[in-house]
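Chemist: In case you want the letters, here they are:
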Amino acid sequence: MKLTKDEVQHVAELAKLQLSDAELDEYAGQLDQILAYAQQIQSVDTSAVPPTPQVLPLSNVLADDASRDSLSNDQAVDNAPDTDGGYFRVIAVFDESGA
Amino acid sequence: MGSQNSTKHLTSLGVAEASAGLAAGRFTSVDLTKAFLERIERLDGALHAFLRTTPAEALEAASGADRARADGDSRPLLGIPLAIKDVLMTSGIETTAGSRILEGFVPPYSATAVNKLKAAGTIVLGKTNTDEFAMGSSTENSGYGPTRNPWDLERVPGGSSGGSAAAVAADEAPAALGTDTGGSVRQPAAFCGIVGLKPSYGRVSRYGLIAYGSSLDQIGPITKSVADAALLLEAVAGVDPYDSTTMPVDVPDFSAALTGEISGMRIGIPHEYFVEGIQPEVEAAVRASIEQFASLGAETVPIHLPNTELALPVYYLVVTAEASANLARFDGIRFGLSVDGDTVFDHFRQTRGAGFGSEVKRRIMLGTYALSAGYYDAYYLKAQQVRTLIKQDFDNAFTDVDVILSPTSPTTAFRIGEKVDDPLAMILTDIFTTSANLAGLCGISIPCGFDDGGLPIGLQLLGPSLGEEKILRAAHAYEQSTEWRLRRPEL
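Protein chains in written order, with our numbering: chain A, 370 to 468; chain B, 3 to 493.
Hints in this document: simulated from the structure, not taken from any laboratory. Careful: at least some of the hints might be erroneous.
To be verified - Listed below are the simulated DSS-like cross-link pairs for lysine-lysine, each with C-alpha atoms no more than 30 Å apart in a straight line: (1) B:LYS120 with B:LYS36; (2) A:LYS371 with A:LYS385; (3) A:LYS371 with B:LYS36; (4) B:LYS36 with A:LYS385; (5) A:LYS385 with A:LYS374; (6) B:LYS421 with A:LYS374.
All of these numbers come straight from a predicted model, not from anything done at the bench.
Taking the hints into account, I'd like the entire structure generated from these sequences.
Modeler: Here it is, written out as structure tokens:
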């Protein structure tokens, strides 16, 4: 298995990472090497083995349905680079022309 | 001269010793805090264990602790200064997780573990260096430059909690908090000749810990003695309404477990952990420690953990998948670096491309790939299934033994730069530590010798989930029967 530069670019797009040409080349080679190493788990028969996404013997941990102290609006937006009236300001997601 | 000697004496103290000195009125918390701040000032230019110190806040808190003591407050951690790994949020104190993407970020709240330590009366000296977002085994991946090992400034302190480990080993702090996702408390403790405890998953709240691998991350103490690790664990452990993955169990009196008595304790020696590629002095030291445990009355039992060699590939698929999801929050909108783009997606791409370092990008890429359409079943799901087998190995072993003993790391501290260009070689340094995180176990690393170059060697004791009292008891009995802890780096 060899990762092509296009495949690495596709993964970078999924991860929303701007990578330089040099980074794409470097990661293609290194990801190949790490995935080849990870390949050894394919040899294990897991047809009857359930997955372990987490190890705790807990399920449906619920909080009391009660209000509690939280950050103020000012505190919540204080670290944001661009705010307006207590809101985060972002570039418009939808094109106004409707296209 | 006299005053310099007494200052040096203060900074050589661990938590329990400093606590006894404060209680006896031999010195004040202000004396103690000043001594550590002065030593940091003097040594940290060369070590770079700290990303920032907070002297004004520390001295103010120390004065407050001294006043409280004068009013009759006698809590054991009152007035004890500590260092905190920079992946733990500290309200009002810049917290970067070692990443340029969080440069200047001042959290509006603190991690539960930090709040608990403050409530117990401790004082924050500053924030310690770490591999960016705790991704690494050497602290070389910090966005702010590497930390150096106090035993040899040309070598790494281990990682990712390398700043915390170096600070404690260099007497810049009596103890520190680190975090351990695949060995990041235990391995740097081994490389720096001190004690590092990874609690069972769910023992300590992760609230306010900047997430890396959420099913694996745990906060743990890095200390000069096993007794100090027990004291700090007791302070930070417990169920937290802000973290639904904390276990709803009472916190034991961990210090009471340190009886020195381990006769009849069954210690498993896993065949698969003594493999080719271990540095010969490391293997010899760990094998000698097995003899020492036997002479203390423990029964050493050969065991098998057949899926051991699968732990590292499983770990790297699971941890990178979780990391790629966790680090999606760094989008340049709510906090951290923001680089302009033409569209909202371009804004994300530019911000993340500029803000993350190369190891973080590499792990996000690997995790995104393992979760992507067409590869999810073969990589992520498969890894979760093999994780079940690894956990079953330990479940089976712990029906027969109380604790499991192994080396912490296959080698002693390596040279700065030695492995930075070879991600796979760097990964292999975690070969003995990742299983504990995958299976939710507790583990501790304690000093067990030195290599021919005078670098410390660590042994690891693993216990079942919530089995901290067992590993602490065994570690303490060994520690008190040997003199490794008395040898200190010359700085």
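Chemist: Are any of the numbered hints broken by this structure? If so, which, sorted upward?
Modeler: 3, 4
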